[in-house]
Amino acid sequence: MGKTYKFADNISTDHIIPGKYYHLRSNLPELAKHVMEDADPEFTQNMKEGDFIVGGRNFGCGSSREHAPLIMKIRGVQAVLAKSFARIFYRNAINIGLPAIECDTDKIKEGDELELVLDKGIILDKTTGEEITFKALSPLMQKILNEGGVVNYVRKYKDLPT
Amino acid sequence: MTITEKILAFHSGQKEVKPGQFILADVDIALGNDITAPLAIQEIEKLGKEALPYPEKVVLVADHFTPNKDKESANQCLKLKNFAKKFNVKNFFELGCGGIEHALLPEEGFIIPGQLIIGADSHTCSYGALGAFATGVGSTDLAFAMLSGKIWLKVPESIKFIYNGKLNNWVTSKDLILYTIGDIGVDGADYKAMEFEGEAIRKLSIDARLTMCNMAIEAGGKSGIIAPDEITIEYINQLPITNYQLPILKSDKDAKYAKTIEYDVSEIEPQVAFPHLPSNTKSVSQAGNIELDQVVIGSCTNGRLEDLRIAAEILKGKKVHPYTRTIIIPATQKIYLKALKEGLLEIFINAGAVVSPPTCGPCIGGHMGVLAKGEKCLATTNRNFVGRMGDSQSEVYLASPAVAAASAVKGKITHPEEIISG
Chain A
1 MGKTYKFADN ISTDHIIPGK YYHLRSNLPE LAKHVMEDAD PEFTQNMKEG DFIVGGRNFG
61 CGSSREHAPL IMKIRGVQAV LAKSFARIFY RNAINIGLPA IECDTDKIKE GDELELVLDK
121 GIILDKTTGE EITFKALSPL MQKILNEGGV VNYVRKYKDL PT
Chain B
1 MTITEKILAF HSGQKEVKPG QFILADVDIA LGNDITAPLA IQEIEKLGKE ALPYPEKVVL
61 VADHFTPNKD KESANQCLKL KNFAKKFNVK NFFELGCGGI EHALLPEEGF IIPGQLIIGA
121 DSHTCSYGAL GAFATGVGST DLAFAMLSGK IWLKVPESIK FIYNGKLNNW VTSKDLILYT
181 IGDIGVDGAD YKAMEFEGEA IRKLSIDARL TMCNMAIEAG GKSGIIAPDE ITIEYINQLP
241 ITNYQLPILK SDKDAKYAKT IEYDVSEIEP QVAFPHLPSN TKSVSQAGNI ELDQVVIGSC
301 TNGRLEDLRI AAEILKGKKV HPYTRTIIIP ATQKIYLKAL KEGLLEIFIN AGAVVSPPTC
361 GPCIGGHMGV LAKGEKCLAT TNRNFVGRMG DSQSEVYLAS PAVAAASAVK GKITHPEEII
421 SG
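Protein chains in written order, with our numbering: chain A, 1 to 162; chain B, 1 to 422.
Treat the hints as calculated values from the structure; they're not laboratory data.
Hints are supplied without guarantee of correctness; some may be wrong.
[What the hints assert, rightly or not] Here are the simulated DSSO-like cross-link-like pairs (lysine-lysine), alpha carbons at most 27 angstroms apart as the crow flies:
{"id": "1", "chain 1": "B", "residue 1": "338", "chain 2": "B", "residue 2": "318"}
{"id": "2", "chain 1": "B", "residue 1": "49", "chain 2": "A", "residue 2": "156"}
{"id": "3", "chain 1": "A", "residue 1": "48", "chain 2": "A", "residue 2": "3"}
{"id": "4", "chain 1": "A", "residue 1": "83", "chain 2": "B", "residue 2": "18"}
{"id": "5", "chain 1": "B", "residue 1": "373", "chain 2": "B", "residue 2": "282"}
{"id": "6", "chain 1": "A", "residue 1": "158", "chain 2": "B", "residue 2": "46"}
Taking the hints into account, I'd like the entire structure generated from these sequences.
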């Protein structure tokens with residue numbers, strides 16, 4: 001279970017990692033304290049571990065920096081839900097072990113309590129009673145997410161995901 | 001098959017590939033920089049690896065926060081250097097040896113038509129200008145490309161963009177790509193290969209084509225590509241490289257496209273993308289009175305010799321507006337030297353502009369030209385997202401070097417015609 005924080009369409013990697021904190025980029029836990037600050041200055045103070053980021057279209061557009069999904073994960077974001085993702089952000093999110101779920105986010109409201117059932121492709125909105133379905137991730141992607149990312153996957157299985 | 005599908009088929013050892021298919025492809029070049037490579041290096045170290053199977057395929061460039069902005073950036077660059085030494089990566093470009101990666105790699109002969117290049121930088125798509133498949137990835141993908149020489153890819157669908165007609169005065173490839181992004185939107189080519197064709201494209205130099213493919217990512221594109229032609233071959237042949245083969249590469253007549261979009265370029269004026277999306281474009285004549293605190297001419301998008309020549313043509317004998325600080329950044333050391341020999345740098349300095357060493361600095365709000373709250377900057381860079389160049393309440397406008405130079409003189413967004421005829 002986690003609470004939702006809603007954001008607009010086209011949230012860029014510059015929203016996710018505000019430029020003014022670039023000097024912290026080699027200190028990820030510090031950088032994570034400022035995640036999404038330029039999109040919502042209060043987000044990092046208010047959010048709790050297990051909460052959800054909910055976006056619109058083209059979430060994560062811009063840079064290829066893996067820091068973007070990584071600091072969300074470090075800050076405790078359970079998953080990012082969006083109508084669509086920019087492709088590099090999506091790839092990076094799965095690679096580092098942060099679930100990125102493509103689904104209809106219009107029905108989800110700010111502050112709703114959600115439960116994500118990753119393997120079944122279901123999001124239960126406990127606040128509205130609504131059930132939102134999404135195309136379940138491939139078994140391999142789920143396996144990567146379960147291990148917490150590709151690096152952990154390789155450490156465990158001694159091979160690249162195939 | 002499209003040119004993109006042909007390259008991906010060849011690199012995955014198959015006769016044919018189809019959009020949507022997942023392939024394991026051989027990587028010709030894997031690129032990292034001082035922001036993205038340290039994370040990849042950390043992952044390689046976590047896995048306890050001691051050597052790379054193909055160190056010659058790895059290129060590392062210190063360009064984003066160089067000359068080192070602070071202790072943290074110095075550490076990032078040091079990680080690059082130490083890794084290059086330990087893992088025998090000869091293609092490590094330290095400050096002074098290279099410049100901005102996407103201007104540097106073509107110039108150094110790393111990019112050949114038909115190759116497959118991945119880079120942990122979103123503007124890696126630039127190299128499509130030479131008829132290569134090139135796409136941006138994250139640090140984990142870079143780590144695995146370095147460790148295996150391979151990458152997993154989903155074969156993208158292609159969109160064909162045809163540019164008919166003759167370009168108007170002062171209209172450049174930057175205007176074409178901004179116009180296109182304005183038309184299709186920042187996710188208009190999401191996950192797709194953008195294939196640029198047509199008589200206007202065929203007349204573009206390689207510098208101009210690199211600008212065009214560079215911004216494919218700004219429409220969500222996985223890659224941008226221009227089929228190689230005589231101009232490409234001439235460019236490759238003058239590079240200090242030997243031992244290369246130039247495949248004849250073009251899309252088949254019956255290749256399938258998700259969409260084909262045609263433009264008459266004679267209808268396109270110089271463009272400006274207003275804050276805070278590259279798709280928020282207008283013709284310069286429609287810009288209104290936007291006073292500027294800063295102008296930046298440079299970046300992986302528009303810091304090449306041709307760009308500097310256009311800027312110099314406009315700035316020659318002029319002064320930049322006293323309230324508009326103007327920063328000009330030759331993208332590589334070689335471009336810097338050529339600009340120096342051609343007298344371009346003297347024109348810039350006499351105009352009151354400052355010439356910076358090669359760096360990505362201001363484009364990412366890193367250093368060498370960061371904006372204060374409320375400031376407005378017109379830049380030849382590629383992104384104008386919230387806070388991109390500094391304070392979250394600053395504004396970035398994107399345009400060509402011609403519009404940037406003209407705007408620097410007037411201190412507000414200006415059509416180049418106004419400076420040259422007036």
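Now for the hints, and whether the structure bears them out:
1. Note on residue 338(B) and residue 318(B): the hinted pairing holds, with a Cα-Cα distance of about 22 angstroms set against a maximum of 27 angstroms.
2. For the hint linking residue 49(B) to residue 156(A), the alpha-carbon distance of about 15 angstroms falls within 27 angstroms, and the restraint holds.
3. Annotation: proposed proximity of residue 48(A) to residue 3(A) holds, straight-line Cα distance about 8 angstroms (limit 27 angstroms).
4. The suggested pairing of residue 83(A) with residue 18(B) holds, with an alpha-carbon distance near 25 angstroms, which does not exceed 27 angstroms.
5. Restraint check for residue 373(B) and residue 282(B): satisfied, since their Cα atoms lie roughly 24 angstroms apart, inside the 27 angstroms limit.
6. As the CA atoms of residue 158(A) and residue 46(B) are separated by approximately 13 angstroms, the hinted pair is consistent with the 27 angstroms bound.
Figure legend: structure checked against the earlier numbered hints; every hint is met.
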